[in-house]
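Protein sequence lines, in the order shown, are assigned to chains A and B. The first sequence maps to residues 370 to 466 in the numbering used here. The second sequence maps to residues 596 to 878 in the numbering used here.
Keep in mind the hints are simulated off the structure, nothing from the lab. Think of the CB as a built atom: it goes at the ideal place given N, C-alpha and C, for glycine as much as any other residue. Treat the hints with care, since some could be wrong.
[Claimed, not checked] Once the Cα atoms are required to be at most 27 angstroms apart in a straight line, the calculated DSS-like pairs of lysine-lysine come out as:
(1) LYS795/B / LYS854/B
(2) LYS855/B / LYS795/B
(3) LYS795/B / LYS445/A
(4) LYS662/B / LYS795/B
(5) LYS445/A / LYS854/B
[Claimed, not checked] Only some residues are given here: those of chain B computed to face chain A with a beta carbon under 8 angstroms:
(6) LEU661
(7) GLY676
(8) LEU683
(9) ARG758
(10) LEU761
(11) PRO784
(12) VAL825
(13) THR827
Okay, here's what each chain looks like letter by letter:
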Amino acid sequence: MGVHDERLYERLGLVLRVGVAVSLTLLVAGLVVCLAAGREREGVILVSLGILTMFVLPAAQSVLALVTYRAEGNRKLALAALGLLVVQVAAVAAAVL
Amino acid sequence: MELGYAAGLGLSAVFAGVVGAMLGLGGGVIIVPLYTLGFGLPVHVAVGTSLVAVVANASTATTVYLKTRLTNVRLALILGGVTAAGALLGGFIGTSLSGAWLGGTFGALLLGVGLIMLLRPDRTPRPGPALAGAEAGGEGDLDGSYYDPAAGTSVAYRPVGARRGLTFSFLAGTMAGTLGIGGGVIQVPVMNLLLGLPMKAATATSSHIISLTAAAGAVVYAARGFVDPVITAVTIIGVIVGSRTGAWLAQVLPGAVIKKVFAVVLFYMALRMLAQAFGFPLF
Numbered sequence: 370m371g372v373h374d375e376r377l378y379e380r381l382g383l384v385l386r387v388g389v390a391v392s393l394t395l396l397v398a399g400l401v402v403c404l405a406a407g408r409e410r411e412g413v414i415l416v417s418l419g420i421l422t423m424f425v426l427p428a429a430q431s432v433l434a435l436v437t438y439r440a441e442g443n444r445k446l447a448l449a450a451l452g453l454l455v456v457q458v459a460a461v462a463a464a465v466l
Numbered sequence: 596m597e598l599g600y601a602a603g604l605g606l607s608a609v610f611a612g613v614v615g616a617m618l619g620l621g622g623g624v625i626i627v628p629l630y631t632l633g634f635g636l637p638v639h640v641a642v643g644t645s646l647v648a649v650v651a652n653a654s655t656a657t658t659v660y661l662k663t664r665l666t667n668v669r670l671a672l673i674l675g676g677v678t679a680a681g682a683l684l685g686g687f688i689g690t691s692l693s694g695a696w697l698g699g700t701f702g703a704l705l706l707g708v709g710l711i712m713l714l715r716p717d718r719t720p721r722p723g724p725a726l727a728g729a730e731a732g733g734e735g736d737l738d739g740s741y742y743d744p745a746a747g748t749s750v751a752y753r754p755v756g757a758r759r760g761l762t763f764s765f766l767a768g769t770m771a772g773t774l775g776i777g778g779g780v781i782q783v784p785v786m787n788l789l790l791g792l793p794m795k796a797a798t799a800t801s802s803h804i805i806s807l808t809a810a811a812g813a814v815v816y817a818a819r820g821f822v823d824p825v826i827t828a829v830t831i832i833g834v835i836v837g838s839r840t841g842a843w844l845a846q847v848l849p850g851a852v853i854k855k856v857f858a859v860v861l862f863y864m865a866l867r868m869l870a871q872a873f874g875f876p877l878f
């Protein structure tokens with residue numbers, strides 16, 4: 370495992386840890402607001418933001434991998450990361466349109 | 596939503612997380628039948644909810660696997676693109692099927708998984724994978740290594756035949772996106788038996804692939820209104836709590852007995868789902 374891989378593992382871990390923590394905080398806060406405080410609209414907005422955060426994490430991982438392997442000059446893996454990112458973006462576009 | 600109903604969903608999600616982690620299946624296989632049979636949710640909503648919970652659960656597990664270097668990130672990227680494409684296709688297939696067909700297909704999946712669990716109660720890890728691929732002309736830039744505390748040694752391996760894995764990954768993604776499961780049921784044995792990854796690395800890499808790809812199917816369900824935010828939030832929190840507990844329980848309870856008991860439970864849920872889908876009476 371090269372230096373770039375070590376950095377990638379650490380960066381991916383950091384992005385996932387922060388992302389999951391932010392998402393879970395929003396989900397719990399939204400549930401408390403919605404179910405305990407009875408303010409459904411505000412609660413649903415918070416919960417939806419938490420789910421959205423979860424949806425953004427895969428694309429964030431792909432961007433990190435793309436940048437890392439491009440810097441390393443590893444075209445094969447940079448292309449793999451780019452391909453994955455394209456499918457992730459296409460999924461959102463295809464689902465919404 | 597009433598507090599009692601939400602609490603019931605949350606407890607079911609905890610149960611799904613516990614059982615999923617103990618059996619190595621992920622929570623989706625349990626959530627979908629529990630929500631449709633126990634709470635009367637439409638099967639599309641149960642599948643959509645399950646898919647988002649799968650993303651959350653896999654992302655949480657991957658943070659641990661990345662730290663211990665069990666994940667093979669390079670292989671996950673190579674297989675991730677086709678898996679995501681499969682998940683996207685699966686999302687469209689699942690949302691296009693009628694409730695009866697989707698429920699029936701899920702029932703058939705449960706029957707298959709239950710059968711595998713009964714016939715192969717203990718999956719034996721593939722032994723001695725250390726750089727086996729090197730001798731077989733494996734792909735060097737996908738090499739992986741990690742420290743195995745149970746064996747007290749470092750394990751190095753070289754995957755073989757990553758191209759063959761692409762087809763299975765696409766199938767795993769399609770099945771996962773259609774039915775709201777992780778897809779590890781296919782990915783883990785393929786990586787272990789076909790690509791030659793040690794079991795622990797296969798499980799970790801499968802989890803990473805799911806964290807990268809399951810959202811592709813989930814967004815299709817979300818865009819078509821099959822993801823209820825509050826139900827999903829309760830489910831995500833429940834599954835994450837449950838899977839942590841299940842991972843611990845798996846180490847202290849007898850695995851073979853657990854698998855047989857839950858295989859019977861899966862058969863029962865499969866029959867109930869098939870009966871509900873196709874309208875035949877069941878005792």
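Under 8 angstroms is the threshold here; is the Cβ of GLY676/B close enough to any Cβ of chain A for the hint to stand?
With Cβ-Cβ at 4 angstroms, under 8 angstroms, it holds.
Holds or violated: THR827/B as interface residue toward chain A, Cβ cutoff 8 angstroms?
holds (6 angstroms)
Taking 27 angstroms as the top limit, are the C-alpha atoms of LYS445/A and LYS854/B close enough?
violated (41 angstroms)
For the hint on LEU683/B, just tell me whether its beta-carbon gets within less than 8 angstroms of chain A.
holds (5 angstroms)
For the hint on PRO784/B, does the least C-beta distance to chain A fall short of 8 angstroms?
PRO784/B check fails; min Cβ-Cβ to chain A is 23 angstroms, beyond 8 angstroms.
If you draw a straight line from the CA of LYS795/B to the CA of LYS854/B, is it 27 angstroms or shorter?
Distance of about 19 angstroms is within 27 angstroms: holds.
Holds or violated: is the Cβ of VAL825/B closer than 8 angstroms to a Cβ in chain A?
Interface hint status for VAL825/B: holds (6 angstroms vs cutoff 8 angstroms).
Close enough to count: is the Cβ of ARG758/B nearer than 8 angstroms to one in chain A?
Check failed: Cβ of ARG758/B comes no nearer than 13 angstroms to chain A, outside 8 angstroms.
Restraint check, 8 angstroms cut-off on beta carbons, for LEU761/B near chain A:
violated (11 angstroms)
When the nearest CB of chain A is found for LEU661/B, is that gap smaller than 8 angstroms?
Constraint on LEU661/B satisfied, holds at 4 angstroms.
Would the pair LYS855/B and LYS795/B pass a check requiring their Cα atoms to be no farther apart than 27 angstroms?
Holds, because 22 angstroms separates the two Cα atoms, which is no more than 27 angstroms.
Restraint status (C-alpha distance of LYS662/B to LYS795/B at most 27 angstroms)
The hint holds at about 14 angstroms.
Checked against the numbered hints listed earlier, the structure breaks hints 5, 9, 10 and 11; every other hint is satisfied.
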